[in-house]
Amino acid sequence: MKLKLRIWRQAGPNATGQMVDYHLDGVSEDMSFLEMLDMLNEQLTAENKEPVAFDHDCREGICGMCGVVINGVAHGGSATTTCQLHMRSFADNATIEIEPWRAGAFPVIKDLAVDRTALDRIIASGGYISSNTGAAPDAHATPAPKREADRAFDNATCIGCGACVAACPNSSGMLFTSAKITHLAMLPQGQPERYRRVKAMVAQHDAEGFGNCTNIGECSQVCPKGIPLESISQLNRDLVKSLFKGDGK
Amino acid sequence: MLTDIANQFWAEGEDIADSKAPHVDIDKVWKTRQFSARLVNPANRRKLSVIIVGTGLAGGAAAATLGEAGYNVLNFCYQDSPRRAHSIAAQGGINAAKNYRNDNDSVHRLFYDTVKGGDYRARETNVYRLAEVSAAIIDQCVAQGVPFAREYGGLLDTRSFGGVQVQRTFYARGQTGQQLLIGAYQQLERQIQAGTVKMYARHEMVELIVVDGRARGIVTRNMLNGKIESWTADAVVLATGGYGNVFFLSTNAMGCNATAIWRAHRKGAYFGNPCYTQIHPTCIPVHGDTQSKLTLMSESLRNDGRIWVPKKAEDCTKDPRQIPEEARDYYLERIYPAFGNLVPRDIASRQAKNMCDEGRGVGPAVAEKQADGSVKQVRRGVYLDFSDAINRMGQEAVANKYGNLFDMYQQITGENPYEVPMRIYPAVHYTMGGLWVDYDLQSSISGLYVCGEANFSDHGANRLGASALMQGLADGYFVLPNTINDYLADGPFRPVPANDPAVVEAVNSATERVKRLLSIQGTKSVDAFHKELGQIMWEYCGMERTEAGLKKAIGLIRELREDYWKNVRVTGVSEDFNQALERAGRVADFMELGELMCIDALHREESCGGHFRAESQTEEGEAMRHDDKFLYVAAWEWAGEGSKPILHREPLVYKAIELKQRSYK
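Chain order of the listed sequences is A and B.
For what it's worth, numbering that gives the first Met the number 0 labels the leading residue of the first sequence as 0, then goes sequentially.
For what it's worth, numbering that gives the first Met the number 0 labels the leading residue of the second sequence as 0, then goes sequentially.
Honestly, the hints are just simulated from the structure, not real lab data.
C-beta: ideal position from N, C-alpha, C; glycine also.
Hints are supplied without guarantee of correctness; some may be wrong.
What the hints assert, rightly or not - Straight-line distance between alpha carbons at most 25 Å, and here's what the computed DMTMM-like set of lysine to aspartate or glutamate pairs gives:
#1 B/LYS514 to A/GLU46
#2 B/LYS368 to A/ASP29
#3 B/LYS523 to A/GLU46
#4 A/LYS48 to B/ASP575
#5 B/LYS226 to A/ASP114
#6 B/LYS551 to B/ASP3
#7 B/LYS27 to A/ASP29
#8 A/LYS48 to B/ASP562
#9 B/LYS317 to A/GLU28
Claimed, not checked - From chain A, some residues computed to sit far from chain B (all C-beta separations above 10 Å):
#10 ARG5
#11 ARG8
#12 ARG101
#13 ALA138
#14 ASN169
#15 ALA202
#16 ILE215
#17 GLN233
#18 SER241
Unchecked claim - Ranges between beta-carbon positions, derived for each pair:
#19 B/LYS310 to A/ASN70: 41 to 51 Å
#20 A/GLU41 to B/SER518: 17 to 27 Å
#21 A/PRO187 to B/ASP489: 38 to 48 Å
#22 A/LYS3 to B/GLU504: 42 to 52 Å
#23 A/ASP29 to B/LYS664: 30 to 40 Å
#24 A/ASN70 to B/GLN409: 50 to 60 Å
#25 A/ASP29 to B/GLY521: 29 to 39 Å
#26 A/GLU41 to B/ALA638: 29 to 39 Å
#27 B/ASN498 to A/ALA10: 31 to 41 Å
#28 B/SER508 to A/GLY216: 49 to 59 Å
#29 B/ASP288 to A/HIS22: 13 to 23 Å
Using the sequences and the hints given, assemble the complete structure.
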């Protein structure tokens, strides 16, 4: 395959960026999207030019480190991660535009790499169950109904890639936040802190500069793990209930 | 004979022994040690600091737990977030001796299976402790909100894994590692919020600081701006994972590397059993030479999938659905009727290789250079077939159990595994070797502890499925937090100023290395060198090893390493986000580690677990151990650049288990 690539190049957080054109020949359709970028980088290195910076790690769709906007859609729009996108999804001689996640809360570090530490701070604000090591009762002490446990799992599959934020016109991080809230709210162990948690996490979400949810649903469309929009409804229901509880701020 | 090779490649050192495990009956060792280990009272813990490198199951769990205990923890990782450590990619499950199935499981059976699975090359006391704490791990994770698979009654579901005949593996669909890691990560974030843990993401450890014979700190490179910084503490814990990426192609994440443990090795930490590598039998076959990594298909698939190749080579190009039952060779079921498709990984891998070597492999043919220099077309793949399971359980039930794995397979290969059997082939997956540690998980450097895959201790020469998650969390939650106190009880140690000669030396050495890599300005990329190294390792130090091959590999690696320092091209500058430079440092360390792996494989003139020496096999082609000569851990000491490494032996003593030739027939 032959490709024309238009890639966002930005030397650093404060530098001005721009789209730069590259040509790549000999791409195989069995290559993953990131292997195609590796190939470009090998070519750039041979020409003594600086390779394109992009984040990636596991390359099996689970670590959440990779993620770029491809032809205007986060992760290329195939409801998978960028690393799991393969070149057989593209036509020969196609033009592919590649940009970083764009959101105020995700400053660009360099080229296609962005800073997503805001997501960690949302988890730190309350996305956990306070249970010290060694303090746990037997795992079978509290049965958890399968339906709720399955729903907890579906939400727990979030990989924290940030595609939901990149896809949202408001740059909202609500799908990410609601996935953690729903995961823990569906489990018996998550109940004691349930309403404190939702208040604290939503407050941190807002403080990080993410926008609000206006029910557009782009987030769920691009989510590699298919986190449903109804998780945001769950967040909202829990948030409203939390206002009637004295617990937390 | 042995002496000739020895003189050429390594030097003999003194025997060593673990000095920490009390000499009592095996079921009392851990309790006795917990009682004898000195404590640090809660008020004094605030005065002590611990550096932990890595945020996977071992590192993340240790950081959270030591933070809860009240120590000051500094936690480092190379990823942009602690949640991304490669533990996240583990699929199948985690073992625990809960006996929830009433199938005669017990601590002793888990211990026995693990030692046997490791082909009697693991330290007995460590493995017993692992089995003992396994049940508490499941309790701990459930309390954190880890959504394990459950049955309709609300209780936890379990399944079987390779090398065992009980159902003791707890799982969360095909994403168990992810769920366990997120559990640990949430506890870690909670401690970060509480201020007990300070997190430094995108910081790569590039040097260890040793002061007065004690590990007192590390040097990191800030990956955002290239800043080289030193950090000091009362103790250092490495939980930096395995070194499978020395093979270039592996199931490891792209960033997984050996730099932290290798730098510690160069500062005096012994390296245990470097040649013990696990080649996982069920991975998606290589598609071409631009491939960057390999993807594992969970071993859990072997519960319901049946592995076969055509009986006749001429059938190998046919559509597998057209090959009738009687023309198929379900070779694992045929050779190992007792364990069938669930034999341990090393055996399943080697048999897949044997089938393909016989010319009965499937999938595209790839040109392979033979030992005599000729080129032969070989098909490197075997079928993993679910048609029986789909007929028996229905497609929906199969999808419920393995759906995400099937989707992943289809995503990568473009083939639908519900209709066409999967094609799989072995790939490098895990390294049982790692830094040598005693029963307390302390390395041969005082104050340097090593947890998880980065140490050598629990899996012997072959790790059983679902045991890596168990070991990572056992080390992080329950072992290290109950042993490191014995060391810290002597602290706080004297403060180490930034101008201490040891700190200055470590910082300078890290800075000089970066400068040197950038100044070469050669013609070949880092990846090109890495691929060459990987080919040498896979060819000569992979699934089958021979004396001649290993000697050749050592020569080739030395030449490649020399070429590397003359011809590598690293673009960009140091004071920047520079991914080529990051890789360059890691590959430089792989070049040294690869040589040590080959030397270790050369010295071990026996086959055991994942280490298969062609010269040492039974008439049926099974691995043949030589307990009379090799019943020990090889702990290698760095002797300086250009000097032969020094071999220390830790004899393995089995009191609770009788040594046997492994049989899964």
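A quick look at each hint next to the structure:
For the hint linking B/LYS514 to A/GLU46, the alpha-carbon distance of about 21 Å falls within 25 Å, and the restraint holds. Proposed proximity of B/LYS368 and A/ASP29 is supported: the alpha carbons are some 23 Å apart, at most 25 Å. Between the alpha carbons of B/LYS523 and A/GLU46 the distance comes to roughly 11 Å, so the proposed pair stays at or under 25 Å and holds. Only pairs whose Cα atoms come within 25 Å are accepted, and A/LYS48 paired with B/ASP575 is accepted, the gap being roughly 15 Å.
This hinted pair checks out: B/LYS226 and A/ASP114 have alpha carbons roughly 18 Å apart, not beyond 25 Å. For the proposed pair B/LYS551 and B/ASP3, the alpha carbon gap of about 16 Å is at most 25 Å, so the pair holds. Note on B/LYS27 and A/ASP29: the hinted pairing is violated, with a Cα-Cα distance of about 55 Å set against a maximum of 25 Å. Only pairs whose Cα atoms come within 25 Å are accepted, and A/LYS48 paired with B/ASP562 is accepted, the gap being roughly 22 Å.
Only pairs whose Cα atoms come within 25 Å are accepted, and B/LYS317 paired with A/GLU28 is accepted, the gap being roughly 23 Å. The claim that A/ARG5 is not at the interface with chain B holds, since no C-beta of that chain comes within 10 Å of its own (minimum 21 Å). The beta carbon of A/ARG8 is kept farther than 10 Å from every beta carbon of chain B, the shortest such distance being approximately 13 Å. No beta-carbon of chain B is positioned within 10 Å of the beta-carbon of A/ARG101; the least distance is around 17 Å.
Here A/ALA138 does not stay apart from chain B, with its beta-carbon only about 4 Å from theirs, under the 10 Å limit. No Cβ of chain B comes within 10 Å of the Cβ of A/ASN169; the nearest lies about 23 Å off, and the non-interface call holds. Distance check on A/ALA202: its Cβ is at least 13 Å (rounded) from any Cβ of chain B, clearing the 10 Å threshold; non-interface status holds. At roughly 26 Å from the closest C-beta of chain B, the C-beta of A/ILE215 stays outside 10 Å, upholding its exclusion from the interface.
At roughly 15 Å from the closest C-beta of chain B, the C-beta of A/GLN233 stays outside 10 Å, upholding its exclusion from the interface. Consistency note on A/SER241: stated as away from chain B, and its beta-carbon is indeed over 10 Å from all of that chain's, at 18 Å minimum. At about 48 Å, the CB distance of B/LYS310 to A/ASN70 agrees with the hint of 41 to 51 Å. Checked against the hint of 17 to 27 Å, the pair A/GLU41 and B/SER518 passes, with Cβ atoms roughly 21 Å apart.
Between A/PRO187 and B/ASP489 the beta carbons are some 43 Å apart, a value that agrees with the proposed interval 38 to 48 Å. For the pair A/LYS3 and B/GLU504, the supplied restraint of 42 to 52 Å holds, since their beta-carbon distance comes to about 50 Å. Distance hint check: the CB atoms of A/ASP29 and B/LYS664 are about 39 Å apart, consistent with the given range 30 to 40 Å. Against the hinted window of 50 to 60 Å, the Cβ-Cβ separation of A/ASN70 and B/GLN409 comes to about 22 Å, which falls outside the hint.
The hinted range of 29 to 39 Å is satisfied by A/ASP29 and B/GLY521, whose Cβ atoms lie roughly 30 Å apart. For the hinted restraint 29 to 39 Å between A/GLU41 and B/ALA638, the CB-CB distance of approximately 36 Å keeps it satisfied. Taking 31 to 41 Å as the suggested C-beta distance range, the pair B/ASN498 and A/ALA10 conforms, at roughly 34 Å. Between B/SER508 and A/GLY216 the CB atoms are about 53 Å apart, so this pair conforms to the stated range of 49 to 59 Å.
For B/ASP288 paired with A/HIS22, a C-beta distance near 21 Å keeps the hint of 13 to 23 Å intact.
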